[in-house]
Amino acid sequence: MTARSLILVILLAAGFLLDPRPTGATGNQNFQFFAPPAEGTLPNGPLGRLIRQGELIFIHTGQYAPRYVGNDLTCESCHLDRGIKPYSAPLWGAYGTYPRYRSKNHQVNTLEERIQGCFRFSLNGTPPPVGSKTMKALIAYSFWVSRGAPVGLYLKGQGIVRMSKPARPPDPLRGKAIFEARCSLCHGLDGQGTQSDNDQVAFPPVWGPHSYTKGAGFYKVSKLAGFVKMNMPLSKGETLSDQQAWDVAAYVDSQPRPEDPRKAKGGKS
Amino acid sequence: MVVSRSGSGVFSPLALAGILLGALVALFPSRARGADTEAALIAWGHTIAMQGNGLPGNTACAECHRINGGGMPSVGIPRIAGQTETYIYREIRGVQEGTRYSPYMDGIVQNLSRRDIRAVALYYSTVRTPKLNDPASYDPALRELGRRIAHRGLWDRNIPACILCHGQDGRGIPPNFPYIAGQSTTYLMGQLISFAVVRRKDDPEGLMRGIASKLTHREIKAVAQYFASLDPPVYGKIPAKNRPDRLRLIPEKETPTP
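Line by line, the protein sequences give chains A and B.
Add 822 to a position in the first sequence, counting from 1, and you land on the number used in the numbering used here.
Add 21 to a position in the second sequence, counting from 1, and you land on the number used in the numbering used here.
Computed beta-carbon distance windows for the label pairs:
id	chain 1	residue 1	chain 2	residue 2	range
1	A	Gly867	B	Glu165	20 to 28 Å
2	B	His172	A	Gln1077	31 to 39 Å
3	B	Arg239	A	Tyr976	34 to 42 Å
4	A	Lys955	B	His172	19 to 27 Å
5	B	Lys235	A	Lys955	33 to 41 Å
6	A	Asp1064	B	Gln72	55 to 63 Å
7	A	Ser954	B	Lys235	35 to 43 Å
Per the computed footprint, the stretches of chain B lying under chain A, defined by three or more beta-carbons under 8 Å from a beta-carbon of chain A, are:
id	region
8	168-178
9	192-206
10	218-232
11	253-263
I should point out that these hints are in silico values taken from the structure, not numbers from a laboratory.
From the three backbone atoms N, C-alpha and C, an ideal C-beta is built for every residue, glycine too.
Same shape as in the complex, but just chain A (with noise of 0.2 Å):
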């Protein structure tokens, strides 16, 4: 009894040690999840001019990597809170995992290369080079946000939300139900989005031509489920069981969208 509390103490007193939040420079107060540097703590010159091109390009992907874009979303669409939600993919979650082996592509890739896979295929774009502007930029971004998190460590709150196996298997049908009731106020009917009043694009669209491809992490239902389940509708994380994510994503995923670019060109990853 008191052996086992003893070990539970030694535990927890370990968990504080290795807590990997940085000391000090905290702009988030909810000590649960990895922080980020505070903001207004980026660094003067070169470095935090790329840092802060880098969030620009993050936001506002279309706007200042336009050539690298070829659909209506962002970065932010998915890495909410300029890539800082936990279980959202945040930056701070894959810049320390990298260099990585996926199965995606068979190869271990570099957080480059995890990167230009994001323009391909969830912005279904041209993946930006290696050493190009925009590139160099959005890992400054990423290191930023990445100041003090441990390489190579799992961290809380990383990544999208592993969903466990629902009771009933996702059904696109009863997705559609939720969908039209929880999710077209903002992504429309149509899952073709929303615009702002100057005509930019405000919700994203969530399938059709302007969305992301079937080459698309998202277009795993499985991903798409976690997504929503921990993040949507906005600011009502986690209100969605996790039958219904499994629904929704189903539905979202069984819309039309632009083919696997692998596919659609005939070439390999």
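Use these hints to put chain B onto chain A, whose structure you have.
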């Protein structure tokens, strides 16, 4: 038609208001009787705005919202000029149904028919008025906090940036998400508090109830005074893509037909 952003256009808001008022006056002689043309509806909406529809309880909207819909910042009567017809219609229906809390309005709007509501909503969506002076106190110490909540949100409490739904600089994503830029501090604080204590419950998905209930009073003040400091958009246009039939409308699905 000049439908550019306020302030950035060649016309000052006042000149613009003048031109549009002129256009509106020019419409009146040709007001069609019987047939519900848009001009006829606007004219009827104008009448309701100026003197009410003549039924018991109903009074001129202009008594509080002013002739051109600028509202009364001092007591938190909202600016409605340039909100979209769809949104104004929805909100008046919300007051009728009791989902939008408004102790002043709920008596006044009970005797408005659907056609009356549509007419007055259409009227106020087309009028223009410059931003009125907001006499509420402004706390410079809260400036950065307000800006941050507006543009970044407080994601560690699952509060998204306001601009994600209310549009760049609070200019709205019509018709479901109204503009909040240029509303008075008093109005914005009142609505946030009303959402937080669930007196106002016409927000789709309970989004605003959820968000407002997580804000502290200090944050409410900060974000309200931030949006109050911005300029409102001048027109109530629904972007081409956001056709109301594509978007589920709250609190009811009905389309605003008479």
